[in-house]
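Heads up: the protein sequence lines correspond to chains A and B, in order.
Just so we're aligned, residue 60 is where the first sequence starts under the numbering used here, counting upward by one.
Just so we're aligned, residue 673 is where the second sequence starts under the numbering used here, counting upward by one.
Don't take each hint at face value.
The following label-pair restraints were derived from C-beta to C-beta distances [said to hold, decoys possible]: (1) L704/B - F74/A: 20 to 30 angstroms; (2) H76/A - Q678/B: 46 to 56 angstroms; (3) H76/A - T734/B: 48 to 58 angstroms; (4) R98/A - F703/B: 11 to 21 angstroms; (5) V120/A - S695/B: 49 to 59 angstroms; (6) F119/A - E777/B: 51 to 61 angstroms; (7) V120/A - P759/B: 53 to 63 angstroms; (8) T103/A - A776/B: 22 to 32 angstroms; (9) P840/B - R86/A: 34 to 44 angstroms; (10) H76/A - T861/B: 38 to 48 angstroms.
Hints were generated in silico from the structure; no laboratory data involved.
Quick caveat, the model's predicted, so the values are computed rather than measured.
Just so you know, even glycine gets a beta-carbon here, dropped at the ideal spot from N, CA and C.
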Amino acid sequence: MIYEVFRQERKGQAFQHAGSIEAPDERFAEWYAREQYGRRGESTALWVVRRDAILPIEEFVDELNRNYHRVDGYPLKEKLKEARERAGTAAPRDR
Amino acid sequence: MSERAQLLLEIADDELILGWRDSEWTGIAPFLEEDVAFSSIAQNEIGHARALYELAARELGTTADELAFDRKPEEYRCSALVELRLPEWERTIARHVLYEQADAERLGRLKASDDAELAGLAAKIDREEVYHRLHAEMWAERLQDEPRYQAALEELQPLVDRRNGGSPELTALWEEMTSVRRSQPAGTTW
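Can you build the whole structure from these sequences, using the hints too?
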């Protein structure tokens, strides 16, 4: 059984993936996780999760290219440049 | 030698020799996680030995290193259980289980001792041994129906309280364990 281990370095911080361990059951997983990711005071807490309990999502379909859903959906640079040219003003840094 | 020093040496020798034997699994344990875990237990035991030797050394006017490595094989007081080289995992686990049981009882007695120094050290050691006992119990549960493990328990049980010193197993281990130190040219320090 593979377990994924997440560790929190300091209280209040987000947990980050630390690595994975192989263990026959949860108790062994706890022991091995403590040993490998908590023994040197490097973690304030661990999350040990069976790998098959994780729901992986890896494909992100965007058939219609709806880029307005993305934060980078509106490239403003070009539009701004054109607008400035029409108005006859230069970009702030050029002034 | 006082009774106290004798007792300290007895426990320290147990921990040193067991730590040494357990460390023989480093690199060849059944799987990688267990390799790390068991090596760490071995290291803890040697750490306990060091603390116990230091306590004895203060009383005897010597050093932990001298007590650990400069005595003759027949002067060691460790249990016959820890001396054996056990290249079989089920026998190693059987020893681990038997040792942790005996050690828990011993630490329990020491923690209740009137000797504050001894009781304090025992409490400190016991806080690490809790994890060793958990580890031993988990393995015992996994192997309990395995005939080879049962046979190993029966084979090793009588050795727990046997303390001979100078057995062939211990002598062979001692040769290995002290060879670097004995090869040290006179007048040099590491």
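For each hint given before, does the structure comply? Return the numbers of the non-compliant ones in rising order. none
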